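Undergrad: From just these sequences and the hints, can you work out the full model?
Quick mapping for you: the protein sequence lines, in order, are chains A and B. Under our numbering, the first sequence has 331 at position 44, and the numbering climbs by one with no breaks. Under our numbering, the second sequence has 370 at position 83, and the numbering climbs by one with no breaks.
Each hint should be verified, as a subset may be incorrect.
A pair counts as met if it fits within one copy or between any two copies, since identical chains are not told apart.
Unchecked claim - Think about it this way: if two alpha-carbon atoms lie no more than 20 Å apart in a straight line, the pair counts; the simulated SDA-like pairs of lysine to any residue are:
#1 363 / 389
#2 366 / 342
#3 363 / 328
#4 363 / 353
#5 382 / 338
Keep in mind that the hints were calculated from the coordinates and are not lab data. Everything numeric in this text was worked out from a predicted model, so none of it was measured.
There are 2 protein chains.
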Amino acid sequence: MTTSAEPHAIAERQLCGLVNGLAQRIGEHVRERAATLGLTASQATALREMSGPMTMRELAERMSCEPSNTTFVVDKLEKQSLVERHPHPTDRRAKQLVLTAEGSALRERLLELLAVDSPLSGLTPQEKQLLHGLLEQAIVSGLGEHR
Amino acid sequence: MTTSAEPHAIAERQLCGLVNGLAQRIGEHVRERAATLGLTASQATALREMSGPMTMRELAERMSCEPSNTTFVVDKLEKQSLVERHPHPTDRRAKQLVLTAEGSALRERLLELLAVDSPLSGLTPQEKQLLHGLLEQAIVSGLGEHR
DNA sequence: TTCGAATCATTCAAGCTGTAATTATGTTGG
DNA sequence: CCAACATAATTACAGCTTGAATGATTCGAA
Numbered sequence: 288m289t290t291s292a293e294p295h296a297i298a299e300r301q302l303c304g305l306v307n308g309l310a311q312r313i314g315e316h317v318r319e320r321a322a323t324l325g326l327t328a329s330q331a332t333a334l335r336e337m338s339g340p341m342t343m344r345e346l347a348e349r350m351s352c353e354p355s356n357t358t359f360v361v362d363k364l365e366k367q368s369l370v371e372r373h374p375h376p377t378d379r380r381a382k383q384l385v386l387t388a389e390g391s392a393l394r395e396r397l398l399e400l401l402a403v404d405s406p407l408s409g410l411t412p413q414e415k416q417l418l419h420g421l422l423e424q425a426i427v428s429g430l431g432e433h434r
Numbered sequence: 288m289t290t291s292a293e294p295h296a297i298a299e300r301q302l303c304g305l306v307n308g309l310a311q312r313i314g315e316h317v318r319e320r321a322a323t324l325g326l327t328a329s330q331a332t333a334l335r336e337m338s339g340p341m342t343m344r345e346l347a348e349r350m351s352c353e354p355s356n357t358t359f360v361v362d363k364l365e366k367q368s369l370v371e372r373h374p375h376p377t378d379r380r381a382k383q384l385v386l387t388a389e390g391s392a393l394r395e396r397l398l399e400l401l402a403v404d405s406p407l408s409g410l411t412p413q414e415k416q417l418l419h420g421l422l423e424q425a426i427v428s429g430l431g432e433h434r
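TA: In structure tokens form, the structure reads like this:
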């Protein structure tokens with residue numbers, strides 16, 4: 288009988304809780320630093336992920352959120368003249384997002400702020416690498432689950 | 288000069304992205320299973336964490352969210368007669384949350400649903416244990432950061 | 001070529017979440 | 001004792017997020 292009271296199931300629930308807890312902590316960290324720049328957490332996350340020109344969908348994937356959400360966030364960033372929506376060079380359905388000079392400068396400041404006192408600073412480089420591998424495996428192995 | 292373009296800083300950003308990505312995946316999993324029981328993701332999370340009587344604040348900690356949030360969620364669960372707010376035996380400020388028989392039964396079904404095809408099923412038990420240790424260390428070592 | 005299916009982005013409604021302020025109660029030091 | 005401070009829960013509010021529906025465009029197969 289495989290029930291949810293099994294030790295294995297309990298351990299897995301705990302693990303999910305830890306992942307969520309750490310993600311929460313990371314989110315707080317971003318929110319806190321973003322606020323000093325007049326950005327919300329999701330705006331900062333979008334800015335952080337915009338390492339180069341990309342489409343809305345690409346940004347959504349990097350942010351791990353729905354595309355409709357990026358529409359919302361990019362609207363805000365565009366109103367602040369940090370980002371522009373250009374026509375995509377080869378696909379007329381898509382937009383190409385590009386940072387303005389102002390957006391690019393703010394992104395640099397943001398990255399610097401985010402780099403100090405990271406929520407992961409309690410791990411050694413080796414441990415971080417180990418964690419990276421485990422997370423990657425968990426994610427890729429669960430890729431085909433949906434559909 | 289320690290800038291955000293450092294390999295170390297980039298690796299850390301990637302790691303944060305992976306943690307968030309996995310947390311997102313876990314959230315989707317919960318949302319999907321919860322929906323089959325007529326629950327939203329946060330309602331299901333609350334139910335999952337209610338392994339016994341506890342206060343609002345305790346629930347908030349287990350859910351890694353703000354207490355004001357649990358007020359919102361518990362309101363919904365109470366309307367569905369899954370949870371009751373009892374006076375706390377020793378502290379008149381606090382509420383003691385207890386599952387109804389119906390809530391307890393639904394929780395059991397939920398736990399069973401959540402146990403199958405978990406987003407972490409791509410890891411071996413050893414890897415899960417390793418991941419558990421790393422996450423715990425990352426979390427506890429960052430405890431004193433705020434305040 | 002052309003029709004049908006898939007993809008990109010957007011909009012809207014509904015629900016989730018954090019912050020700050022409020023009320024009620026508990027705790028502690030003088 | 002009691003005044004000051006801390007804590008439990010709630011409320012109001014603003015912002016975030018998802019999911020479904022829509023319109024425009026692209027892709028693929030007959």
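Undergrad: Hint by hint, which ones does this structure get wrong, listed from lowest number up?
TA: none
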